[in-house]
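**Q** Sequence:
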Amino acid sequence: MAFHFPIKRLTLLLTTGLGWCTVLAQPVPSTLPVEAQKAAQSVRPEAIQGHMRYLADDKLRGRKPGTPGYEMAAQYVEQQFRSLGFQPAGENGTYRQAVPLRKGQVKEAGSSMALVRDGRQFPLVYGRNFILSPNFSQTTAEVEAPIVFVGFGISAPELGYDDYAKVDVKGKIVACFNGAPTIFPSNQRAYYSSAKQEMAVAHGAVGVLTFSLPTDIRMRIEMAGPRARQAVYRWVDKQGQAQRTFPDLKAAAILSDSTARSLFTGTAKSFEEAMAVAHRSMPQAFPLNSSARIRTQTELSDDLIGENVMGMLPGTDPVLKDEYVVYVSHLDHLGVGRPVKGDSIYNGAHDNASGVAINLEAARLFASLPKAPRRSIIFVGVTGEEMGLLGSDYFASNPTVPQDRIVANLCLDMPFFFHPLLDIVPYGSEHSSMTKEVEAAAKFVGVQIAKDPIPEQAVFMRSDHFSFVRQGIPAIYIKSGSQTGNPQLDGTKLNLDWRATIYHSPQDEIDQPFNYNAAAKHVQLQFLIGYLTAQADQRPVWNEGDFFGTKFGQRKAVK
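Letter by letter, the sequence shown follows residues -25 to -1, 1 to 534 of mature numbering (1 follows the signal peptide of the UniProt record, and there is no 0).
Calculated directly from the structure, the hints in this document are not laboratory data. Nothing false has been slipped in among the hints.
EDC-like mimics (lysine to aspartate or glutamate), calculated; alpha carbons at most 20 angstroms apart, straight line:
id, residue 1, residue 2
1, K526, E405
2, K411, D398
3, K141, E173
4, K346, D292
5, K426, D465
6, K346, E10
7, K468, E431
8, K145, E117
9, K426, D398
10, K411, D427
11, K468, D398
12, K82, D278
13, K244, D232
14, K244, D143
15, K78, E274
16, K426, E414
17, K78, D277
18, K426, D521
19, K145, E119
20, K78, D212
21, K526, E133
22, K82, E117
23, K213, D277
24, K346, D512
25, K526, D379
26, K78, D278
27, K34, E46
28, K346, D297
Please take these sequences and the hints and turn them into a complete structure.
**A** Shown next as structure tokens:
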């Protein structure tokens, strides 16, 4: 198949073709136990490639949950666990955990939105001016209320920022920019960027309208529209209630740029003035000169059961074996969809056959140890990540082991190994005591630790580790940094180019110029961080006063 991603031309420069053995050299003396060093040095780059080649093959048809292709992937991972001697960690003595899912699809023909201004009604066009989110509480939901602009729609008093501080939005519809103030720390910025509906409901709003700053092209209807119009899924609890929904919210919509600008006609500030305030990271709120009349028709169905796949290596300490370090990587992708460049199979080689493959090789390193770690190790291939972190959220909320015995999570999702691995961004490490395990592993592997180079991408919220953070469990999610070993090549630019041209497209295939030596270093990092965590006398703890530890970490301590 023809391949158009520009970094393919850089393959030789990025040393993708280096021999497998080069990854094994460790330039830094280590105090790690000898058995852990030997296991780490036995990593096999070719095994990572083999796992990826199978999982990204056309015959798996993009691994969409509920399809034969996903089942093939699940069987493959289950067989790997069996061959390594990992015990079933799922339900009823199996390697599987069922994830009940509810589907919500907006019925566009029965849905509508109009702006009401000075007694006149201005109907909007679905898909051009607005797109609605499904309502999981009512098949037909209607609301008409005044619109209040609330900046970024964020209330974060602990960061000295609150768009809601001087405005009453009870019974009203709030309108806000996507994203969060750039002055926020990277991970807090990611969290608040995704918490618009939660914030609105907490302040009594009945609807939410979101739109992008002109500089944020990726969130515009033109870019996000096709996916925003697809069905939405939520996992269902044992009482039959869809989770991560907001029943008090009667309507949620994204608006086109032109429609958003029209809301500011005749108001206290123009769109440009409001945008300038947002760029200065200052809170703002004022009523707009319109109301909105919104009707959302939703078709709900419980027609899909996803499955997580999991295996466990039991710990060897008489007490600590009942505590667990959990690895996750999402097994699903987007299936078969709209053809792009003549291809309709969304193979997901990097997203996320790569993460599954790396974690499988890390599992093999654990199995190769002469003695298993003190704590138990669980590896989970989760479903429904592309649907909204559903499989990991279900597992973290309904684990097959006692939740308060899960001490840490390590996640891997498209770590980006298109160049040598010289530095890493360990998302989450600054929030807990696990930073010392990350630093020790990085020193052994010979990589530097860098800061998030793309905070605007809200990476910390966008993969399965956050499902564990939400349950108060310290989590680590490692991606490669910006260094490539070639001063003429910027790793961050390569990353952003990949996201713009290949991400979530049929071109995410196995023929990309992957650097499997870099992938092998990711295996070593995953293995060593988890090994050190599993061996430590004390379980990881949130840092004193940490934002996420304070917000989510108040779980009952294990005695």
